[in-house]
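Asks: From first to last, the protein sequence lines stand for chains X and R. In terms of our numbering, the first sequence opens at residue 1 and continues consecutively. In terms of our numbering, the second sequence opens at residue 1001 and continues consecutively.
What the hints contain is simulated information worked out from the structure, not anything from laboratory work. Don't be surprised by glycine CBs; every beta carbon is placed ideally from N, CA and C. A hint or two may mislead.
Said to hold, decoys possible - Okay, derived cross-link-like pairs now, DMTMM-like style, lysine to aspartate or glutamate, Cα gap no bigger than 20 Å in a straight line:
1. X:42 x X:84
2. X:42 x R:1053
3. X:42 x R:1068
4. R:1083 x R:1044
5. X:57 x R:1103
6. X:68 x X:31
7. X:57 x X:79
8. X:5 x X:26
9. R:1078 x R:1053
10. X:71 x X:56
11. X:58 x X:84
12. R:1083 x R:1053
13. R:1083 x R:1103
14. X:5 x X:31
15. X:42 x R:1003
16. X:42 x X:26
17. R:1078 x R:1068
18. X:5 x R:1053
19. X:71 x X:31
20. X:58 x R:1103
21. R:1042 x X:26
As the list claims (entries may be wrong) - Some chain X residues close to chain R (C-beta under 8 Å, calculated; not the full set):
22. 58
23. 103
24. 104
To be verified - Pair by pair, the computed Cβ-Cβ distance ranges are:
25. R:1040 x X:14: 22 to 32 Å
26. X:56 x R:1001: 25 to 35 Å
27. R:1078 x X:56: 25 to 35 Å
28. R:1030 x X:14: 38 to 48 Å
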Amino acid sequence: QQQVKQSPQSLIVQKGGISIINCAYENTAFDYFPWYQQFPGKGPALLIAIRPDVSEKKEGRFTISFNKSAKQFSLHIMDSQPGDSATYFCAAASNFGNEKLTFGTGTRLTIIP
Amino acid sequence: EPEVTQTPSHQVTQMGQEVILRCVPISNHLYFYWYRQILGQKVEFLVSFYNNEISEKSEIFDDQFSVERPDGSNFTLKIRSTKLEDSAMYFCASIRAGQAPWETQYFGPGTRLLVL
Chain X
1 QQQVKQSPQS
11 LIVQKGGISI
21 INCAYENTAF
31 DYFPWYQQFP
41 GKGPALLIAI
51 RPDVSEKKEG
61 RFTISFNKSA
71 KQFSLHIMDS
81 QPGDSATYFC
91 AAASNFGNEK
101 LTFGTGTRLT
111 IIP
Chain R
1001 EPEVTQTPSH
1011 QVTQMGQEVI
1021 LRCVPISNHL
1031 YFYWYRQILG
1041 QKVEFLVSFY
1051 NNEISEKSEI
1061 FDDQFSVERP
1071 DGSNFTLKIR
1081 STKLEDSAMY
1091 FCASIRAGQA
1101 PWETQYFGPG
1111 TRLLVL
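Pulled out of the complex, with its shape left as it was, chain X reads as follows (with noise of 0.2 Å):
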């Protein structure tokens, strides 16, 4: 129950496309939806993060979609470059956790010219 499950596992996109990763969760108590993206050799760092009370998050290129009754939010990264190619985790957490992250199996994105 605890689980946050995460697609694909990898995903190419050209330069200039749209990147789309999608989570599901299952825990009704998760009320917080952080996005983290990793580089090669340095830790997590927060993209961008969600509270379900809306359904979308916009900043820059990056945007969440988030469905509370399906369970399942996204990431959608807008005119895909090159610097954006790591990998991509999602995340959730529950103000009865003391807000312990569970995160997603991650996304290694890659975007080609």
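Given chain X's structure and the hints, the job is docking chain R onto it.
Replies: Just chain R, lined up with the frame of chain X:
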């Protein structure tokens, strides 16, 4: 910009040896975490620490693991008798807490532990 720091960046040890991984969280942060990431796998929660005590731990965090905040700045993870399966990247994270229900967890760059 303040950041979480971790030392060492890499550690190689023999099975059965004790290791201590060190972290310096961001100075005004109050909640501290350890996570690990086995190569190619997801990041997994190990333990959270607040007010000088463990607030939550995962099933991975067994009796071989311990955490300590020996002074006002360092936060350590000790593995008493390392096993081959402890080989992973270990991340420290911290949050400020108290200002908002949901705050950014800031992660350190990690310590890559290799147990031979």
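Asks: Among all the numbered hints in the text so far, which are the ones the structure does not match?
Replies: 2, 3, 12, 13, 16, 18, 22 and 27
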